[in-house]
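Chemist: Residue 166 in the working numbering sits at position 166 of the sequence shown; the count goes up by one each step and never skips.
It should be emphasised that the hints constitute simulated quantities derived from the structure, not laboratory data.
A hint or two may mislead.
[Unchecked claim] Derived DSS-like pairs (lysine-lysine); straight-line CA-CA distance at most 25 Å:
#	residue 1	residue 2
1	Lys-230	Lys-291
2	Lys-336	Lys-321
3	Lys-291	Lys-259
4	Lys-242	Lys-259
5	Lys-242	Lys-267
6	Lys-336	Lys-347
7	Lys-326	Lys-357
8	Lys-357	Lys-321
9	Lys-347	Lys-357
10	Lys-291	Lys-267
11	Lys-242	Lys-230
12	Lys-10	Lys-326
13	Lys-336	Lys-326
14	Lys-347	Lys-10
15	Lys-267	Lys-230
16	Lys-143	Lys-357
17	Lys-259	Lys-230
18	Lys-143	Lys-321
19	Lys-326	Lys-347
20	Lys-321	Lys-347
21	Lys-357	Lys-336
22	Lys-242	Lys-291
23	Lys-54	Lys-10
24	Lys-336	Lys-10
[As the list claims (entries may be wrong)] Here are the simulated distance ranges between beta carbons:
#	residue 1	residue 2	range
25	Val-17	Ala-46	19 to 25 Å
26	Pro-145	Gln-268	36 to 42 Å
27	Ser-85	Gly-297	30 to 36 Å
28	Ala-24	Leu-111	22 to 28 Å
29	Gln-268	Glu-15	51 to 57 Å
30	Asn-207	His-279	20 to 26 Å
31	Glu-280	Thr-172	30 to 36 Å
32	Pro-49	Met-1	18 to 24 Å
Cβ coordinates follow ideal geometry from the N, Cα and C atoms, glycine included.
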Amino acid sequence: MRALRFHAAKDLRIEDVPAPGEPAAGQVLVRNRFVGICGTDLHEYAYGPIFIPKDPHPFTGAYGPQVLGHEFGGVVEAVGDGVTSLRPGDRVSVQPLIMPRAGDYFADRGLFHLSTDLALAGLSWAWGGMGEYALLNEYNVEKIPDEMTDEEAALVEPTAVAVYACDRGGVTAGSSVLVTGAGPIGVLTLLAARAAGAAQLFVSDINDARLEFAASILPDLVTINPERRKPGEVVRALTEGKVGCDVAIECVGNEHALKACVDAVRKQGVVVQTGLHPHENPLDWFQVTFKDIDLRGSWAYPTHYWPRVIRLIASGLLPAKRIVTKRIALDEAVTKGFDALLDPSGKHLKILIDLMK
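Assemble the whole structure, with the sequences as input and the hints as a guide.
Modeler: In C-alpha cells:
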C-alpha cells in the first residue's frame with residue numbers, strides 16, 4: 001500500500017509499504033478514506049521527532065519510519081475474532097488513542113487518555129491515517145451514522161479536543177467565552193462553545209485572514225487582533241458589568257495568548273490551557289490568586305467522547321466541516337498540505353487528504 005511516512009524533520013516520504021495482514025482477535029482492518037493534517041503532524045514535520053518514539057514505544061513497540069495521521073476515518077475491511085460492534089462495510093471514525101485497558105492506574109479508572117503508556121495511531125503505532133489501510137483495536141473504531149459524511153468522520157478527533165476543552169471550562173448556556181487562536185482547534189472550540197450554549201464569543205489571533213474566516217462561520221463573533229487591541233480590554237468592555245468573560249480557552253501554545261486569557265477572564269472565571277507550549281511560560285501569578293481563577297489543563301479527550309461528538313457533528317449542531325479549506329491527494333500531501341499549512345500567511349485552516357483521490 002502507499003503511505004506517507006516520517007523519517008526525520010523535513011523528511012516525509014510517500015512510499016510503498018506492506019499492507020497490514022488479517023486482523024487478530026479484537027482487531028479491525030480499516031480502509032482509510034480521509035485524513036486531516038493536524039498541528040501535531042506539522043510540529044513533527046518541522047521539528048520532530050517529538051511524540052514519534054526514537055526507541056521502541058513501551059506499550060506498542062513502535063518506532064522508526066512512522067505512518068502519520070491520527071485524524072481519520074474510513075470503511076471496515078475485515079474484523080478479527082471476538083469483534084461484535086463492527087462488520088465489513090461499516091463506515092467509521094477512528095479514535096486514535098491506544099493504551100493498556102487494565103492494570104494501569106488511570107485505565108483502571110476509565111481515564112484511558114491519561115495513561116502513562118499512552119500511544120497514538122499515526123504517531124506511536126505501526127499504522128496511521130496517511131496510509132491506505134490501518135489495523136486498529138475494536139475500541140479505536142466507531143461506526144458513524146448514514147447522515148455523517150466520510151469527510152466529517154475525519155473531523156471527529158479534532159472536534160473531540162474542542163468539546164473536551166469546553167467541558168473543562170464548564171461552558172454552558174449563556175456563557176461568555178474567549179478563545180485565543182483562530183486555527184483549526186480554536187475555531188472548532190468556538191463552534192463547540194456555541195453548541196454548548198455560549199451566548200457571547202470572542203476570538204483573538206494575529207492573523208487577520210483567520211479572524212475573517214472565523215467570523216464568516218460565526219457572524220456574531222467578536223474578533224480581536226492583539227497587535228492592535230488588547231483582548232482583555234475588548235472583552236471587559238463588552239461583558240456584563242465589564243468584569244471579563246466566564247471562560248477563556250488558550251488554543252495556541254503561546255505565552256502571550258495564555259497571559260491574555262488570564263487578563264480577560266473575570267474573577268472566579270476559568271482559564272483552560274489546550275495548546276501545547278514548547279517551553280516554560282511565566283505567568284502573573286498575583287493575578288491568578290487575586291482574581292481567584294481556576295487554571296486547568298485539557299489533554300486530548302476521554303475516549304468515550306466519540307459517540308457524543310459524532311452526534312454533535314451529524315446533527316448539525318457542530319458544523320465541523322466548515323473548517324475544511326482544501327482537499328488534496330496523498331501524492332500532494334507534502335507540498336500542498338504540510339508546506340501550505342506552514343506558510344506564515346495562513347491561507348488554509350484544515351486540509352484533508354483524500355486517500356482515494
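Chemist: So, for every hint listed, does it hold in this structure?
Modeler: How the hints compare with the structure:
| no. | hint | in the structure |
| --- | --- | --- |
| 1 | Lys-230 with Lys-291 | holds (18 Å) |
| 2 | Lys-336 with Lys-321 | holds (19 Å) |
| 3 | Lys-291 with Lys-259 | holds (13 Å) |
| 4 | Lys-242 with Lys-259 | holds (19 Å) |
| 5 | Lys-242 with Lys-267 | holds (11 Å) |
| 6 | Lys-336 with Lys-347 | holds (12 Å) |
| 7 | Lys-326 with Lys-357 | holds (13 Å) |
| 8 | Lys-357 with Lys-321 | holds (19 Å) |
| 9 | Lys-347 with Lys-357 | holds (22 Å) |
| 10 | Lys-291 with Lys-267 | holds (4 Å) |
| 11 | Lys-242 with Lys-230 | holds (14 Å) |
| 12 | Lys-10 with Lys-326 | holds (22 Å) |
| 13 | Lys-336 with Lys-326 | holds (9 Å) |
| 14 | Lys-347 with Lys-10 | holds (21 Å) |
| 15 | Lys-267 with Lys-230 | holds (18 Å) |
| 16 | Lys-143 with Lys-357 | holds (23 Å) |
| 17 | Lys-259 with Lys-230 | holds (11 Å) |
| 18 | Lys-143 with Lys-321 | holds (18 Å) |
| 19 | Lys-326 with Lys-347 | holds (10 Å) |
| 20 | Lys-321 with Lys-347 | holds (17 Å) |
| 21 | Lys-357 with Lys-336 | holds (14 Å) |
| 22 | Lys-242 with Lys-291 | holds (14 Å) |
| 23 | Lys-54 with Lys-10 | holds (16 Å) |
| 24 | Lys-336 with Lys-10 | holds (14 Å) |
| 25 | Val-17 with Ala-46: 19 to 25 Å | holds (23 Å) |
| 26 | Pro-145 with Gln-268: 36 to 42 Å | holds (40 Å) |
| 27 | Ser-85 with Gly-297: 30 to 36 Å | holds (31 Å) |
| 28 | Ala-24 with Leu-111: 22 to 28 Å | holds (26 Å) |
| 29 | Gln-268 with Glu-15: 51 to 57 Å | holds (54 Å) |
| 30 | Asn-207 with His-279: 20 to 26 Å | holds (22 Å) |
| 31 | Glu-280 with Thr-172: 30 to 36 Å | holds (32 Å) |
| 32 | Pro-49 with Met-1: 18 to 24 Å | holds (23 Å) |
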